[in-house]
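Same order as they appear, the protein sequences are chains A and B.
Position 40 of the first sequence, counted from 1, bears residue number 39 in numbering that gives the first Met the number 0, the numbering being contiguous throughout.
Position 169 of the second sequence, counted from 1, bears residue number 168 in numbering that gives the first Met the number 0, the numbering being contiguous throughout.
Any given hint could turn out to be false.
Lysine to any residue pairs mimicking SDA-like chemistry, simulated, CA-CA at most 20 angstroms apart [as the list claims (entries may be wrong)]:
| no. | chain 1 | residue 1 | chain 2 | residue 2 |
| --- | --- | --- | --- | --- |
| 1 | A | K101 | B | E120 |
| 2 | B | K161 | B | S194 |
| 3 | A | K3 | B | P131 |
| 4 | A | K83 | B | G157 |
| 5 | A | K19 | B | Q257 |
| 6 | B | K263 | A | P24 |
| 7 | B | K367 | B | R393 |
| 8 | A | K19 | B | T250 |
| 9 | B | K321 | B | T361 |
| 10 | A | K83 | B | E206 |
| 11 | A | K19 | B | E132 |
| 12 | B | K321 | B | P185 |
| 13 | A | K86 | B | L151 |
Keep in mind that the hints were calculated from the coordinates and are not lab data.
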Amino acid sequence: MSEKVYAFRCTACGLVSYPKHAVCPKCRGETFEPVEIAGEGAVLTYTDVYALAIDYDTRYLRLAIVELDGGLRVTGQLLDESPKVGKRVRTTIGVVREPAGKPIYGLQFVPA
Amino acid sequence: MRSVYVIGAGMTRFGRSEWPLVDLAAAASLAALHHANLGKVPVNAVVVANMGAGRINRQTAIASALVDRLSLWPAAAEAVENGPASGASAVKVGYQAIASGMADVVLVTGVEMMRAVDGLEATDFVASLSQPEAEYIYGVTLPSLAGLFARLYMDRYGVERKHLALVAIKNHDNAMKNPYAHIHQPITMEGILTSPEAVVNNPPVAEPLHMFDCCPVSDGAAAVVLASEEVAAKLGAARVAIAGIGQATDTHAVHERQDPTDLKAVRLASAAAFDKAGLKPSDIDVAELHDAFTILEIAESEAAGFFKVGQAHKAIERGETKLTGKLPINPSGGLKAKGHPVGATGVAQLVELTWQLRGEATGRQVAKAKAAYACNFGGFGNNVVATVLRKEER
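The shape of chain A in the complex, shown without the other chains (with noise of 0.2 angstroms):
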């Protein structure tokens, strides 16, 4: 299991889109190099979800959507006390789901 996680930048248009598209959905381009994704920016929302799926025994998750230097938005695990639109975070991998024991890695977010 990767411990890193890419975008894709389209090699005919330069976008960066994740996740994966088969073909560009600005250009319809269809080859692509991975860029890892990693870096800071900032909460654009987060939820606290109590409603959870299998494989996790917390009592809730705290989910959000970043929208990263650069523009790329991704969708991870948060990992801050004081959540808040618009705040800071940066990047981290760690394990974000273990069906079965198996580690998945992920994204997660900690204040920058």
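Based on these hints, arrange chain B on the given structure of chain A.
Frame of chain A; chain B shown alone:
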């Protein structure tokens, strides 16, 4: 294209089913078939809307099973899976079959048995419609997408929790008048928001959304019988026409939308349905919206064109969407209180609207309803089917 009419509509009470899946589907189907009073006119095709039987009920190919249970051989049969928009999608398939001339009579039945599994599994089954590697792996569920959406929307347009509560109170009130509704429980502003007990009565589900902002987990089935103009005329059926259907998709991951508060697929699907029907939003007398979460009733009513963006909560404050208001929304109780058996929902919306247009919605009838609109919202707005029905005078 030939005109298509809804000549029969029926459903089971939503809630917890005592019957197995196919019997539940058969009960709604028979109610619609009896309502249509087909006599010797054969059913040419059966379309079943269902999202999760393969996973949660461990039964596949349920359209074939339903034809068999109803002894409708050799009618054509297929199931349509399009997430929570399966119901209106299945009606669209039936509509296309008749409009194209491939069939004269089609039975469309939506069914879901979500209470066959526990709450965690039911929530996860629905969550599996989210983007797998960019949403689902993080623990995203539908309530969480609604929570993320609600915070953005409420901040931008000044919508407060009291507005969400007004939607819930209205829909619970309407459901009290609907014997088919899952929830028969009147609620008050004090009970769910303003009293000290409200914190206990109405716990958070996905902040800023609380329990009374979310639909229940329901079993249920709903069915409509569609027919060509020739068959409808021969049977002397009430003239409820499918005047227009529109459908549109949007990005799978909500974060990828340029403006995540813009329900673009609702906007485009609705515009297409109105265009086909030759009607405007202001021509609509009654609407059923996909209020899986209260915030969605507000946002969809704007995206469909009934209110300007950012204005629906003010119309709700004025009571305009109540049964007695200018545009009654969710007279059935909506998903919030009628219940949301996912595959059945889109069909159930059209069942309610058919009854409304025929003047048969006893106890909650919207006076002189001639044109009706339904929004069936799939995914988290990434696949939406809008339908306009119109009563034609004979």
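Okay, the hints, checked on the actual structure:
For a cut-off of 20 angstroms, the pair hint linking A/K101 to B/E120 stands: about 19 angstroms separates their Cα positions. A threshold of 20 angstroms between alpha carbons decides the hint, and for B/K161 with B/S194 the separation of about 12 angstroms falls inside it, so the pair holds. Our distance criterion of 20 angstroms between C-alpha atoms is met by A/K3 and B/P131, whose separation comes to about 16 angstroms. Restraint check: the Cα-Cα separation between A/K83 and B/G157 comes to about 17 angstroms, which is no more than 20 angstroms; the hinted pair holds.
Of the supplied pair hints, the one linking A/K19 and B/Q257 holds, its CA atoms being roughly 16 angstroms apart against a limit of 20 angstroms. Between the alpha carbons of B/K263 and A/P24 the distance comes to roughly 16 angstroms, so the proposed pair stays at or under 20 angstroms and holds. Between the alpha carbons of B/K367 and B/R393 the distance comes to roughly 15 angstroms, so the proposed pair stays at or under 20 angstroms and holds. With a CA separation close to 11 angstroms, the supplied pair A/K19 and B/T250 stays within the 20 angstroms bound.
Note on B/K321 and B/T361: the hinted pairing holds, with a Cα-Cα distance of about 16 angstroms set against a maximum of 20 angstroms. Our distance criterion of 20 angstroms between C-alpha atoms is met by A/K83 and B/E206, whose separation comes to about 13 angstroms. About 9 angstroms separates the Cα atoms of A/K19 and B/E132, which keeps this hinted pair within 20 angstroms; it holds. Of the supplied pair hints, the one linking B/K321 and B/P185 holds, its CA atoms being roughly 15 angstroms apart against a limit of 20 angstroms.
The hinted pair formed by A/K86 and B/L151 meets the criterion: a straight-line CA distance of about 14 angstroms does not exceed 20 angstroms.
Violated hints are absent here; each numbered hint is respected by the structure.
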